[in-house]
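**Student:** The lines below spell out each chain.
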Amino acid sequence: GDQVKQSPSALSLQEGTNSALRCNFSIATTTVQWFLQNPRGSLMNLFYLVPGTKENGRLKSTFNSKESYSTLHIRDAQLEDSGTYFCAAEVGGSNAKLTFGKGTKLSVKS
Amino acid sequence: EAAVTQSPRNKVAVTGGKVTLSCNQTNNHNNMYWYRQDTGHGLRLIHYSYGAGSTEKGDIPDGYKASRPSQENFSLILELATPSQTSVYFCASGDGGNYAEQFFGPGTRLTVL
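Heads up: the protein sequence lines correspond to chains A and B, in order.
Under our numbering, residues 9 to 118 are what the first sequence spells out, in order.
Under our numbering, residues 127 to 239 are what the second sequence spells out, in order.
Quick caveat, the hints were computed from the structure, so don't treat them as lab data.
Even for Gly, the Cβ is constructed at its ideal location relative to N, Cα and C.
It is possible that part of the hints are untrue.
What the hints assert, rightly or not - Partial list, derived from the structure: chain B residues whose beta carbon lies under 7 Å from chain A:
(1) GLY168
(2) LEU169
(3) LEU171
(4) ALA226
(5) GLU227
(6) PHE230
(7) PRO232
(8) GLY233
With the hints as extra help, turn the sequences into a complete structure.
**Tutor:** The following block contains the structure:
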């Protein structure tokens, strides 16, 4: 099965609303990265997390290594938040590889 | 600004031909990575490198070779391209060690006819 499971696979939000995306890990994970792939295909770094929480503007992310999950909260969604959100788990310690989830496709509508 | 660049950005190749995808990074990172992205699979790791002269197999290395001639450059080589290798390919760099954040290039769209 998938080692990094993202949910939901797709989501439609009204502008100005809030939501949360989730990643569950079935592999030992030391750090987590969240990316946004915009409609042109570019991958933008959102967060790099050790266990704990980070916040950047309207985005907040938490990584709970003991319970093997990470969440990305989007507050006051805007049209430019549309795209596909990927989480990726670092496995294996130093010089480790990233294992990606399959993504959550977010559409924000006015 | 530090960056990861890829060339070409688009490529059409014929079955059985040789394809080389190039990646350059100005981050001065030790590690570099090649991924492919296909619908329904997310991004999957093909090859990676810890530094000049090193290449390692990722999760799906079959049909691909890699070359890291310098700190800045990392190439992905398809010796005998097949239609199943039609995909979008991403290169990334990362410092490695205890700080493993990766930064991605813009991608190369490869079509093998």
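**Student:** Are the hints correct? Go through all of them and say.
**Tutor:** Going down the list of hints, with the structure as the test:
1. Given the 7 Å rule on beta carbons, the hint for B/GLY168 holds: about 4 Å separates it from the nearest Cβ of chain A.
2. Residue-level restraint check for B/LEU169 holds (minimum Cβ-Cβ distance to chain A is 4 Å; threshold 7 Å).
3. Satisfaction of the interface hint for B/LEU171 is found here, the shortest Cβ-Cβ separation to chain A being roughly 5 Å, below the 7 Å cut-off.
4. The criterion of a C-beta within 7 Å of any C-beta in chain A is met by B/ALA226, whose closest approach is roughly 5 Å, and the hint holds.
5. The criterion of a C-beta within 7 Å of any C-beta in chain A is met by B/GLU227, whose closest approach is roughly 4 Å, and the hint holds.
6. A hinted interface residue such as B/PHE230 counts as satisfied when its beta carbon comes closer than 7 Å to some beta carbon of chain A; here the least separation is about 4 Å, so the hint holds.
7. Evaluation of the B/PRO232 hint against chain A yields a held restraint, the C-beta minimum of about 6 Å falling below 7 Å.
8. The interface hint given for B/GLY233 is met, as the beta carbon of that residue sits about 5 Å from the closest beta carbon of chain A, less than 7 Å.
The earlier numbered hints are all upheld by this structure, with none contradicted.
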